[in-house]
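Number of protein chains: 2
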Amino acid sequence: MRLLVARCEVRYSGRLTAILPEAVRLLILKADGSVLIHDDAGGYKPLNWMTGPTFMEELGDVLVVRKAKAEDTLEIRLVEVLSDVVQDMGESAALQKDGVERDLQELLAASPSALGEALTLVKREWATEVGPVDLMCKDDDGEWVAVEIKRVGTIEAVEQLTRYLGFIREDPAKAGCRGVLAAQSIKPQAVALAESREIRCAEVDLAVLRGEREPDLTLFG
Amino acid sequence: MRLLVARCEVRYSGRLTAILPEAVRLLILKADGSVLIHDDAGGYKPLNWMTGPTFMEELGDVLVVRKAKAEDTLEIRLVEVLSDVVQDMGESAALQKDGVERDLQELLAASPSALGEALTLVKREWATEVGPVDLMCKDDDGEWVAVEIKRVGTIEAVEQLTRYLGFIREDPAKAGCRGVLAAQSIKPQAVALAESREIRCAEVDLAVLRGEREPDLTLFG
DNA sequence: GCCTAGGTCCCGTGT
DNA sequence: ACACGGGGCCTAGGC
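As given, the protein sequences belong to chains A and B, one line each in that order. Letter by letter, the first sequence follows residues 1 to 221 of our numbering. Letter by letter, the second sequence follows residues 1 to 221 of our numbering.
Just so you know, these hints were derived from the structure itself, not from any lab. Fair warning: there could be bad hints in the mix.
If chains are identical, the list can't say which one is meant, so a pair holds when it fits in one copy or spans any two.
In silico EDC-like links for lysine to aspartate or glutamate, alpha-carbon gap of 20 Å or less [claimed, not checked]:
| # | residue 1 | residue 2 |
| --- | --- | --- |
| 1 | LYS45 | GLU9 |
| 2 | LYS97 | GLU9 |
| 3 | LYS187 | GLU71 |
| 4 | LYS45 | ASP61 |
| 5 | LYS45 | ASP98 |
| 6 | LYS187 | GLU156 |
| 7 | LYS45 | GLU159 |
| 8 | LYS187 | GLU129 |
| 9 | LYS138 | ASP88 |
| 10 | LYS67 | ASP84 |
| 11 | LYS187 | GLU159 |
| 12 | LYS45 | GLU91 |
| 13 | LYS138 | GLU198 |
| 14 | LYS97 | GLU71 |
| 15 | LYS123 | ASP103 |
| 16 | LYS138 | GLU71 |
| 17 | LYS174 | GLU106 |
| 18 | LYS45 | ASP32 |
| 19 | LYS187 | ASP205 |
| 20 | LYS45 | ASP72 |
Just so it is clear, the structure is predicted and the values come from calculations on it, not from any experiment.
Using the sequences provided together with the hints, build the complete structure.
In structure tokens, the structure reads:
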């Protein structure tokens with residue numbers, strides 16, 4: 001990894017055109033070819049960047065970075081280099097995440113009745129014309145139930161499930177299909193919209209699903 | 001800006017749980033309190049991070065970073081510090097962009113007939129109760145046409161235009177208002193949903209709109 | 001290779 | 001303060 005602190009001006013041209021006026025920035029040149037230009041403020045995002053793999057040319061005081069198979073170009077005009085160091089970082093190791101939507105979906109697929117009613121899983125990722133339903137289940141009466149799973153339940157999730165239900169119910173055999181929105185937390189506005197569309201909301205807890213904790217006494221809805 | 005290169009292990013706990021095993025990383029501590037942990041590969045995104053403002057404590061060899069009003073916590077255990085420098089970056093300047101959705105809207109407002117039918121602009125940003133329609137036009141027959149403009153046309157854009165049309169058509173004078181989705185590219189699922197709602201799709205090209213290139217022989221739909 | 005959906009999305013804007 | 005929408009979104013997974 002090469003770290004440059006330099007007074008520079010940057011121009012990006014590709015999906016859009018952008019100019020970054022001259023100032024002191026941090027330039028990060030990674031082993032995989034990615035280039036990031038960071039400011040001392042502005043948080044998480046680089047001001048300009050190019051993801052690897054890239055081709056790099058040094059034409060005098062101008063660094064030109066190009067993508068392999070696109071017209072994207074990053075031009076860095078170096079006016080004054082304040083620091084320029086190369087660091088060998090050795091081998092790395094990947095980030096391990098837990099608690100994303102995928103984990104929730106796996107746990108609910110294994111025990112769909114955690115949604116607060118007796119359900120049997122029929123299929124995960126059931127395809128419709130407008131996208132896949134997370135879980136398709138059947139209830140005690142043999143009626144279909146479509147489950148949409150989110151980490152956070154928003155109005156948008158209700159809209160999504162509504163779209164799915166519209167297409168699913170076109171099949172006469174599934175005309176009575178119900179909808180359930182499952183999430184670790186559900187926004188009040190989403191609950192209101194779901195109720196108006198007769199979609200049931202179920203807040204689920206990762207620790208409970210894993211049997212690490214007892215379920216709350218009160219369930220949603 | 002403080003730049004640390006160090007062998008370290010990082011744990012994030014908050015919206016999810018994540019562990020980053022011990023290895024050499026670049027730590028960026030910005031003036032606004034943001035903390036970024038970057039790898040020598042993996043491109044644009046930091047492996048772990050916290051956006052400012054934050055509170056930071058140094059407990060022995062452990063750096064604990066917390067958000068002001070959330071339970072988010074970042075724990076950085078420093079095993080070996082290879083480099084630790086502070087850089088004064090002085091004043092900065094903002095990025096200037098060109099070619100985003102707003103630019104497309106300006107060009108289409110100037111020549112709405114680029115949408116593939118004879119149209120006359122009545123108003124940009126026509127207000128409805130649920131938000132502004134990008135362009136309100138009239139066609140040859142004097143019928144109203146509401147145009148939603150995106151850089152990329154998705155299902156979400158179709159939903160948005162559908163909401164607008166619902167409110168617009170409540171006015172008897174505009175009960176026959178048609179909808180057009182205009183974008184530089186439109187997703188197949190969005191086309192399917194648009195067709196089911198009798199919304200026309202029009203793919204437009206920035207270069208053509210600017211008169212830099214001839215229009216294609218074939219138009220959408 | 002393209003396309004779709006998720007993200008600790010981030011980040012501005014408006015209410 | 002919180003919801004909404006755009007982003008050069010980025011990035012992983014499916015086909």
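Hint-by-hint comparison with the structure:
1. LYS45 to GLU9: This pair counts as within: shortest intra-copy Cα distance 17 Å, inter-copy 22 Å.
2. LYS97 to GLU9: Classified as between: cross-chain Cα gap 14 Å, same-chain 37 Å, threshold 20 Å.
3. LYS187 to GLU71: between (38 Å within a copy, 18 Å between copies)
4. LYS45 to ASP61: neither (25 Å within a copy, 27 Å between copies)
5. LYS45 to ASP98: Between copies only: 18 Å across, 24 Å inside.
6. LYS187 to GLU156: both (11 Å within a copy, 18 Å between copies)
7. LYS45 to GLU159: neither (30 Å within a copy, 30 Å between copies)
8. LYS187 to GLU129: between (27 Å within a copy, 12 Å between copies)
9. LYS138 to ASP88: Close neither inside one copy (56 Å) nor across copies (62 Å); limit 20 Å.
10. LYS67 to ASP84: neither (24 Å within a copy, 32 Å between copies)
11. LYS187 to GLU159: For LYS187 and GLU159, the Cα distance is within 20 Å both inside one copy (14 Å) and across copies (18 Å).
12. LYS45 to GLU91: Between copies only: 18 Å across, 25 Å inside.
13. LYS138 to GLU198: Result: close within a single copy only, 17 Å intra versus 33 Å inter.
14. LYS97 to GLU71: between (35 Å within a copy, 17 Å between copies)
15. LYS123 to ASP103: within (16 Å within a copy, 44 Å between copies)
16. LYS138 to GLU71: neither (51 Å within a copy, 38 Å between copies)
17. LYS174 to GLU106: neither (24 Å within a copy, 46 Å between copies)
18. LYS45 to ASP32: Answer is both: 18 Å inside a copy and 13 Å across each meet the 20 Å cutoff.
19. LYS187 to ASP205: For LYS187 and ASP205, only the intra-copy Cα distance (15 Å) is at most 20 Å; the inter-copy one is 35 Å.
20. LYS45 to ASP72: Answer is both: 19 Å inside a copy and 19 Å across each meet the 20 Å cutoff.
Hints 4, 7, 9, 10, 16, 17, counting from the list given before, are not met by this structure.
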